[in-house]
Structure formats: C-alpha cells, structure tokens
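Protein chains: 2
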Amino acid sequence: MLHWLRHYRRAMLPGDISAGVVVAMMMIPQGMAYALVAGLPPVVGIYASIVPPVLYALFGTSSTQSVGPMAIISLMTASTLAPLAAAGSALYATLAAQLALLSGLVLLACGLLRIGFMANFFSRPVMSGFTIGSSVVIALGQLPALLGASRAGAWLPDVHLPSAILGGGALLLLLAARSWLASLLRHLGFSPTVADIGAKLAPMAVVLGATALVPALGLEALGVRTTGNVPAGLPFLHLAASHDHWQALLQPALLTGFMVFLISMSGAQTLALKRAEKLHSNYELIGLGAANVGSALTGGFPVTGSISRSAVNFAAGANTQLASLITASLLALALCVPTGWLALLPLPALAATIIVAVLGMFDTSTLRTAWRYDRADALALIATAAGVLALGVEAGVVVGVALSMGALIWRASRPHIAVLGRIPGTEHFRNVDRYTADTAPGLLLLRVDAGLFFGNVEAVNERIEDEIAARPCTRHLVLVLSAVNAIDTSALFALGELNAMLRTRGIGLHLSEVKGPVMDRLKQSELLAALNGRLFLSTAMAWDALSAEEAHGSR
Amino acid sequence: MLHWLRHYRRAMLPGDISAGVVVAMMMIPQGMAYALVAGLPPVVGIYASIVPPVLYALFGTSSTQSVGPMAIISLMTASTLAPLAAAGSALYATLAAQLALLSGLVLLACGLLRIGFMANFFSRPVMSGFTIGSSVVIALGQLPALLGASRAGAWLPDVHLPSAILGGGALLLLLAARSWLASLLRHLGFSPTVADIGAKLAPMAVVLGATALVPALGLEALGVRTTGNVPAGLPFLHLAASHDHWQALLQPALLTGFMVFLISMSGAQTLALKRAEKLHSNYELIGLGAANVGSALTGGFPVTGSISRSAVNFAAGANTQLASLITASLLALALCVPTGWLALLPLPALAATIIVAVLGMFDTSTLRTAWRYDRADALALIATAAGVLALGVEAGVVVGVALSMGALIWRASRPHIAVLGRIPGTEHFRNVDRYTADTAPGLLLLRVDAGLFFGNVEAVNERIEDEIAARPCTRHLVLVLSAVNAIDTSALFALGELNAMLRTRGIGLHLSEVKGPVMDRLKQSELLAALNGRLFLSTAMAWDALSAEEAHGSR
Numbered sequence: 075m076l077h078w079l080r081h082y083r084r085a086m087l088p089g090d091i092s093a094g095v096v097v098a099m100m101m102i103p104q105g106m107a108y109a110l111v112a113g114l115p116p117v118v119g120i121y122a123s124i125v126p127p128v129l130y131a132l133f134g135t136s137s138t139q140s141v142g143p144m145a146i147i148s149l150m151t152a153s154t155l156a157p158l159a160a161a162g163s164a165l166y167a168t169l170a171a172q173l174a175l176l177s178g179l180v181l182l183a184c185g186l187l188r189i190g191f192m193a194n195f196f197s198r199p200v201m202s203g204f205t206i207g208s209s210v211v212i213a214l215g216q217l218p219a220l221l222g223a224s225r226a227g228a229w230l231p232d233v234h235l236p237s238a239i240l241g242g243g244a245l246l247l248l249l250a251a252r253s254w255l256a257s258l259l260r261h262l263g264f265s266p267t268v269a270d271i272g273a274k275l276a277p278m279a280v281v282l283g284a285t286a287l288v289p290a291l292g293l294e295a296l297g298v299r300t301t302g303n304v305p306a307g308l309p310f311l312h313l314a315a316s317h318d319h320w321q322a323l324l325q326p327a328l329l330t331g332f333m334v335f336l337i338s339m340s341g342a343q344t345l346a347l348k349r350a351e352k353l354h355s356n357y358e359l360i361g362l363g364a365a366n367v368g369s370a371l372t373g374g375f376p377v378t379g380s381i382s383r384s385a386v387n388f389a390a391g392a393n394t395q396l397a398s399l400i401t402a403s404l405l406a407l408a409l410c411v412p413t414g415w416l417a418l419l420p421l422p423a424l425a426a427t428i429i430v431a432v433l434g435m436f437d438t439s440t441l442r443t444a445w446r447y448d449r450a451d452a453l454a455l456i457a458t459a460a461g462v463l464a465l466g467v468e469a470g471v472v473v474g475v476a477l478s479m480g481a482l483i484w485r486a487s488r489p490h491i492a493v494l495g496r497i498p499g500t501e502h503f504r505n506v507d508r509y510t511a512d513t514a515p516g517l518l519l520l521r522v523d524a525g526l527f528f529g530n531v532e533a534v535n536e537r538i539e540d541e542i543a544a545r546p547c548t549r550h551l552v553l554v555l556s557a558v559n560a561i562d563t564s565a566l567f568a569l570g571e572l573n574a575m576l577r578t579r580g581i582g583l584h585l586s587e588v589k590g591p592v593m594d595r596l597k598q599s600e601l602l603a604a605l606n607g608r609l610f611l612s613t614a615m616a617w618d619a620l621s622a623e624e625a626h627g628s629r
Numbered sequence: 075m076l077h078w079l080r081h082y083r084r085a086m087l088p089g090d091i092s093a094g095v096v097v098a099m100m101m102i103p104q105g106m107a108y109a110l111v112a113g114l115p116p117v118v119g120i121y122a123s124i125v126p127p128v129l130y131a132l133f134g135t136s137s138t139q140s141v142g143p144m145a146i147i148s149l150m151t152a153s154t155l156a157p158l159a160a161a162g163s164a165l166y167a168t169l170a171a172q173l174a175l176l177s178g179l180v181l182l183a184c185g186l187l188r189i190g191f192m193a194n195f196f197s198r199p200v201m202s203g204f205t206i207g208s209s210v211v212i213a214l215g216q217l218p219a220l221l222g223a224s225r226a227g228a229w230l231p232d233v234h235l236p237s238a239i240l241g242g243g244a245l246l247l248l249l250a251a252r253s254w255l256a257s258l259l260r261h262l263g264f265s266p267t268v269a270d271i272g273a274k275l276a277p278m279a280v281v282l283g284a285t286a287l288v289p290a291l292g293l294e295a296l297g298v299r300t301t302g303n304v305p306a307g308l309p310f311l312h313l314a315a316s317h318d319h320w321q322a323l324l325q326p327a328l329l330t331g332f333m334v335f336l337i338s339m340s341g342a343q344t345l346a347l348k349r350a351e352k353l354h355s356n357y358e359l360i361g362l363g364a365a366n367v368g369s370a371l372t373g374g375f376p377v378t379g380s381i382s383r384s385a386v387n388f389a390a391g392a393n394t395q396l397a398s399l400i401t402a403s404l405l406a407l408a409l410c411v412p413t414g415w416l417a418l419l420p421l422p423a424l425a426a427t428i429i430v431a432v433l434g435m436f437d438t439s440t441l442r443t444a445w446r447y448d449r450a451d452a453l454a455l456i457a458t459a460a461g462v463l464a465l466g467v468e469a470g471v472v473v474g475v476a477l478s479m480g481a482l483i484w485r486a487s488r489p490h491i492a493v494l495g496r497i498p499g500t501e502h503f504r505n506v507d508r509y510t511a512d513t514a515p516g517l518l519l520l521r522v523d524a525g526l527f528f529g530n531v532e533a534v535n536e537r538i539e540d541e542i543a544a545r546p547c548t549r550h551l552v553l554v555l556s557a558v559n560a561i562d563t564s565a566l567f568a569l570g571e572l573n574a575m576l577r578t579r580g581i582g583l584h585l586s587e588v589k590g591p592v593m594d595r596l597k598q599s600e601l602l603a604a605l606n607g608r609l610f611l612s613t614a615m616a617w618d619a620l621s622a623e624e625a626h627g628s629r
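First to last, the protein sequences are chains A and B. Residue numbers for the first sequence follow my numbering, beginning at 75 and rising by one. Residue numbers for the second sequence follow my numbering, beginning at 75 and rising by one.
Simulated from the structure, these hints should not be mistaken for laboratory data. These numbers come from a predicted model, not from an experiment. Positions of the beta carbon are idealized from the N, C-alpha and C atoms, including for glycine. Hints should not be assumed to be uniformly reliable.
[Unchecked claim] The list that follows gives simulated cross-link-like pairs (lysine-lysine, DSBU-like), each with its CA atoms no further than 35 Å apart:
hint, chain 1, residue 1, chain 2, residue 2
1, A, 352, B, 348
2, A, 352, B, 589
3, A, 348, B, 348
[Stated by the list, open to error] Negatives, chain A to chain B, calculated, CB over 10 Å:
hint, residue
4, 233
5, 313
6, 486
7, 618
Starting from the given sequences, assemble the full structure and let the hints guide the process.
Have a look at this one:
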C-alpha cells in the first residue's frame, strides 16, 4: 500500500496534475449522470467520487485506475432498490448507501480470504455481452428523461417539446463531438493525445452550455426539469442504515460486489499490461471494498473502477494514484464553492451525456471477432446480452456466470489422455497416435495430461474403460502421472474404486512417474497399500518389469 | 433406449425378478416415508414409485438405477413449498407435482442441450457435506413425529407417551437390525448376499409389525397418529397446475433438477463402475427428466435415483431395468388390492424408518479421508454441511456450487508453465528447473501446459511478465504451444494485447509447435498478421533461427 508514494519522483508530478484536472472535469457530469441512473440525486454522484478514490489509492494496486460511479453498477443499484423504496425517497438513499456498505464488506471479506483468482471468472465474450446488454438497458432508461416525458406514463405521446429539443440538441452535439472533435482538434494542430482528451471533455462543455441556456431562455418556466437544489459543502461522515433491509440487500450485494470487482479488474488489467505493471487481485479486492465502504459512510452508492475514465486518466498522463487524489480534491473544492448554478443543470442534457457514454460501451468488435473465431463464444456473448435485456441486469450476471461456468466445467471434463508406446531403441515413451511407437501385449500405458480432480475423474474412468474394451487381453494398466501435479480427494476415491474394479477383472493397476508432492499426499492415504499393482519410478522400468512378467506368464 | 430389451437373455430373468420383488418391499415403506418428508400424504410416495421408474427404464442408461422418491429431494421439495402453501392442502400437492414438472422439463432441456458434463460439478467432499447436512436436517425434522409431538408446538414437553414408546421401539429394532441382522442371518446359514438383502427388508417388517399393533392394542384410541385413509386404485393421469406459482417455482426447480441429476449420477456411476458399463449422461438427463414429468402427471413429486435403493437392487441381482419394471408393477398391484390396512400404519414407526435411513447417509468416511489427505477438501465438506444446517438445503446447494466452482477456477488459474532449455547435443527442449539444459541469451522459451482460455490468460500474462523481468535482456519470447489444444476468444484477445505490449518494448513474440486445429482457428483471426515475430514448426527451428539472429545482431 502507498508503494507509489515511497517511490514518487518529481518527474511524475506534471502528468499526475494534468490527469487529475482532466478527470475531475470529466467526473462532474459523469458522476451526476450515473447518480441519476442509480435513481439518486445528482449530487450523490459527486459525493461518491471523493472519498472512494482516496481509499482506493491507499489500498489498491493499479496506478491509473479511476474509482467512482460507473454506469453498469448504477444500473444494478437502481434495479436492486426499485422494488424496495421509491426513487428519490430518503429510504432509497439510505438503501443505496447500505448496498455500497454490504458490497464493500463482501469485497473486503473476499480480499481477506485471498480469493482474488475469482477475477478470472467471466470470459471476455460474456463480459462483452453483459456490457452490451446493460448499455442498451441504460440508454432506453434515459429516453424519457431526454424527451422530458414523465417516467411513469407512456412516454412517446407524452414528450415535452422544449425538453426534447434541448436533449436532442445535446445528444447531436455530443455525437458530433464523439465522431469529429478529436480529428478536428488534431487538424487545428493539437497533438493526438491532447485532441483525444479534449474530445472527452465535450460532455462537460455541453452540460455547462445547456446550464447557461436555462436562465437565458427561461427554460424552467417552460417546464424543462433541472437537477434542482444541490446542497453545498462536503458529504458528512455518517452511516445511514435500515435494519429491515439487511436481508433483502444481501444477495444483491453479493452480485454487486462481484461485478464491481470484475468490471474494475477487466479495465485495470488492460492498463496494467500497457504499463507493464502488476496488479495484485487480493489488494484490488481490499481497495475496492474500502472504496465502497467509504462511499457508504459519506452517503454515496456502489462505485467501481471505470474503464473509460481510467483510460482517460492514463492518456492524460497519470503516473500514480496522486492523479486520483487531485481529482478528489478538486471535486471536494467544487462542492465548497457556491453550487447554485448546479441547480439549473437541465436533466435532458444530462440524459444525453449518459446515452452517449453508454453508446461507447456498445462495442461489437468482440462479437465480430468471436463470430469468426469461435462460434460458441459468440453465442455465449449473445445469450448474456439477451439475458440482461430480457431478464434484467442481475439475471444477466447469473446467466453470464452459468455460461462461463459451463465453459469451465466442459473444458475440465475433457482432459487430454494419451496411450503411450515406446520409441524403438530408446527409453522414451510417446503418444502412439503421433509417433511410431511399440506397444507390448497385455500392457496398456496411459498418460493423463492434467491434474486429477473431480472435474475430470469421470472422463478418465470412461477413457480407461474404452481403452480396455478395445484391448480385451489387457493384463496391466500403467497410469503415467508425469503431468499430474495434483490429485484431489474426489480423484483419490475414484482411483480407489478403479483399483477395486480392475482387481475383480484380473487387471493390475500400476503408477509410474508420480511427482514428489503428489506422492507425499498419496502416502497419507490408503490407496498405495491397497494398490493392485506396483509403483515405478519411470515408465521404462514399468515396461521392462511388466512385459517380462507377461512373457514369463504366457510361456 | 431399451438397448437392454434387445439384448435380453433368459439367464437374466431370475436376478431381475428377485431384485424387483426385494426393491418393491423396500419401496413401500420408503416411498411413504419420503412422501411424509416432502410434506405429502404417504400414498403419494407410492404413486411416485410407479410411472417414474418405467419412464426412466425407457430413456435412462443405467441398468440398476432405482428411480423414485429420495430423502434429500423430498427435503428440498418441502423446503421449497413450505412458504407457498400449507402442508396437507390441495394447493401443496398441486405445487409438489408442478415442481416435479418444472424440474423434469429443466432436466429434459439440459439433456437436449447435451450438457450432461455438468455431472462433474460437485466434488465428492462437497457432495458428502451436502448429504451429511441434509441427513441431520431430515432426522431432526422427524423427531416430533417419532415422539407424537405436534409439529407446531415446543415438542419436548409435548411428547405423547404411547407414540413415543412405539416410535422409540421401532427405532431401537431398526437400529438393532441395521447392526446385527445381516450377521445373524449369515450365522443362520444364509449366504452373505441374502443376509444383506434380508437386513434391508427390516423396515418393511417393522412397519408391518407396528401396523398390526395398532388395532391389537387400540393405539388409535390412545392418540397414536396413523397415515389415515389411503385411496385404493392407481394414480390417474392429470396435470394439476397453478398458474400463480410458475414463477415462484422456477428457481427452486432449477436447483431441484440440478440435485436430482447430481444425486442420481453419483450413485449410478459407482454401480456402473462395478458392472463395467458406460453411462451416457445426456440420456440420464432425459431419463430423469421424463421420470419427473411422469411423476408430475400422476400426482407425484420430484424423484431421483436413490443410491441406497439402487445398491439393494444391484445386490439383489438386477441385471436390467426389467427389475424396476417388476417393482413398479408390484406397487401398482398393491394399490389395487384393498388398502385399508395401510390406513392403520402408525406415523411414529414411519418416522423411525426415516431416521434410520438417513443415519445411513451420515457417512463420515469421506470427511476422515479428506482430513488426512487434503485439508482444503475437508473444509469444503464441513462448510457445505454447515451451510445446509445453518441456511437450509437450497442455500446448501448454492454453497456447494460456490465451493466447487471456486476450486475449479482456482485450479484453472494456475496452469503449469515451464521455461525451456535445450538438452545439450540434442534437438530436445525441456524444463530448465528439472533438466540440465542450455539457454540462449536474449531468447526466452515458455511452454504452457494447458489450453489457453479465460481462466488462465491472466496467470500466463503474469508469468511472462515475471520471466521477462528476471531476464531484462530478453529480445525474443517463444511460446511453445505443443500442449495447447485450444485457444478461446478471451485468450486470443490476450495474445493480441501481449503482442502489442511486447512490440512497444522491442521484444518479438514467436509461436512454435502450434497444433493443427489451433492453427486452423488462428488463421480465422488477425493475430497471425499482426504478430511481432514468427511461426516455427519446431522449437529447435526457433532456437536456431533466433539465436543466430541474436548472435548476428550483437556482433
């Protein structure tokens, strides 16, 4: 922790300052927008951007990760809280903080249990499908706000023209900025990096412009809704909690914490690779857990590392988490100056920034690559996206887990197993399907190229059964364990049963090339004593001893 | 399907008949008892033992599996339905059938999707923990019935003495039979097999004896509760369904279907190994699915293959599913003769048979073996049992899934990776940690001994980063893919990112010994075109070309 502080060099400062300023200007509209997605007052999004990144900087290991509100996690928050409280109510805000607290505690617990390997959970296609589905759900959810329609009603006939014009105009401006602003700036002579970063600040500019229009054109009198009163001052430390809802929030907190971790890691890993730095997933869990607990204690809601914001942070020159500390300080400062102008921020313009932001998440390149490369992965992507759209974002997580899980089990259940033969004139044994190798009558040598565990013992048993059935005169089965790094308890039992079965059929079960650590374990079990055969140090020794025995026996 | 019928030989008939009769005598008390565990009238347990085994015989692949009511699945049924309807109500029975229907449809869908590899899901310790926890829950649940206490009240002061004496007596008799009857029969000159089977019929004898005592001693007048009116005649075909509860039953049906499959497979696999026969897990899914749909259509509840009953079936000589058809016919016949005597069956005696049956499931041998052999597996067992006891049987399944899953991901996230060197004077390349092998300056050869996929790409990346950090003058990284049977879409992206990262650091990325099917896939991608290095047929070729290049470059 704070590893970066001990190794801080002066040369890192300019990059950190520029990144800190740029991300702060990106964070103000984004934080408010994502608070709206979560069904919370916009100022809560700024609260949740102050303490969480500071705590992440203390415990996390990514130097460029920007922790704060994030679209998908906000959507999960809204979807969790909608059945429990009315959006905008005090209970709703309390429950949002409580969800952040529970998610944070889940993450901390996972970090302390050191189960950060969970980060390798979703396949990239499943993550992409989840993101695509969520982006569509979020964009559709913002259409009423964009058009000034009341949430509850049928929104199309209910469009409020001034709101729709403002929202539509902001949307067009942002889309234009997204497509052309970077190249325009480059043509004007800015460096590509500066041009790209400038384009990322378009939302701030559009939001400021739209806010200026509200008093100028009297839009409030026309019925354009604004964010309304934004309390000045820093969020105060308090834990708002409702005893009635702990249980209802427990399962959603597990899902939310899980996605907080997966989303943050998938972004951080890409950036870490670019900087050739190493993430420690267990510290990441603790950093994200602390960030969410911090968010809860300052009246916020669940937060995570945002891929898009972290990429801007990185591009703007962030070298260390000092950049995020600068961002947090600027946001805290923004709350200490008069915030009256924030009250005039028109909701249709904020909806437009959300829609354009999530359009950036609607990325079909993974789908296109997977479709050409591995159709099953492409179908998993589509199924996850469809799951989010049809069943909601929580069910989408479950669908994604089930599909990734299925892929894992399927893969584990197909270990590579080779029948070995002896390369003539040598002591080398190779796969008879790939090499010209001798076999000995009555002797079957099988090499399993995977650790033996519950996920593949059945497949190993079936393959043994098949190979023996294909060689009815088999008298000795030698399992060559040169590639077996571990044998778990399930596989130990399976070996014991295999041994008993082969014994009744008059077939010996022998083990060769058992690795040291595996042998140490096996000595703790009863398998070796019961073994209906022998242990051989090398496969060549097994071959010599058993083929001699066979020759002797048949003579 | 019906493979066994086409290959039926006359010599198989005696075994099938004796097994059919024995299992029928075991099934009557067991079916009624497990219906009580599920909160249903006892006769429903007999209904659920008629059509399901017939449908399983049509579609399933185990020759000795006995499909019908089973303790754990009955517990899951009760736990699912308790919040939805009052036990004993018509709605409750309707929902039990509906749960069987949905579970059956889930199983059929899984079978048609050919995802039978799911059977390799629970590790044996997790399954053992689940069984132990469930057996305790079931036994505790039967104590009130054993002692004649009313379910709702505090049962200890509420004990009904005549019931408690009858129940306690039955319990002692059954425990004595369990411990000594088999050896007693063997001493009386019966063969070990006959003695063992005789001991298994003790529950039937005790239940018959207790039933005879009811009118003899006027126990009903004393307040001993009996099963009451048992309607004669076969169950009629009908689908009782409640539209209101489809949704509430959907998630429990997924869990129930999953456990039906896991429980049935774990028993069937043990028996299949003994008979050297092969199960087809996809047909098993279809057989169990059809059995549950059949149970639903005849007013039953979820059923599965019972390990203990199938073992008796096997021991009593069953050669084919004809044995189960005989059992089903005998049970149908039993419902066609006057069933008045069944009404007198005292519930305390039935509770005693349940308690003794689930004591047989309380098997700590797996725990003891795991404790010595692999402490982590032992802890997973204990955690699963504790999960069932503390959180209930459904949560126990989820805990078991999470633990098995965690083990899978953990294992997948630790692929074996070797740095290779050349064995002097040969073209063989081996792990430098295990062999005396030459390395070349600037050249790093890494062999990954696992397919590359989302579960291990991060680990591979990290290892590459570490190895390069340990050899700062590395100019060429050769990934030796001789053991890589597949590269999924996630790993394809990761390789692309690795390639881009190495390019910026001036390190070439080369691939050697790419297998044919893997290469065919890679040709569909953009990786090969973008590769910052070359493809080599053999590692020796890579070594020669790249070390010559290095020597040339440094000269």
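Cross-check of the supplied hints:
no.	hint	result
1	352/A / 348/B	violated, 51 Å
2	352/A / 589/B	holds, 31 Å
3	348/A / 348/B	violated, 55 Å
4	233	holds, 34 Å
5	313	holds, 26 Å
6	486	violated, 6 Å
7	618	holds, 22 Å
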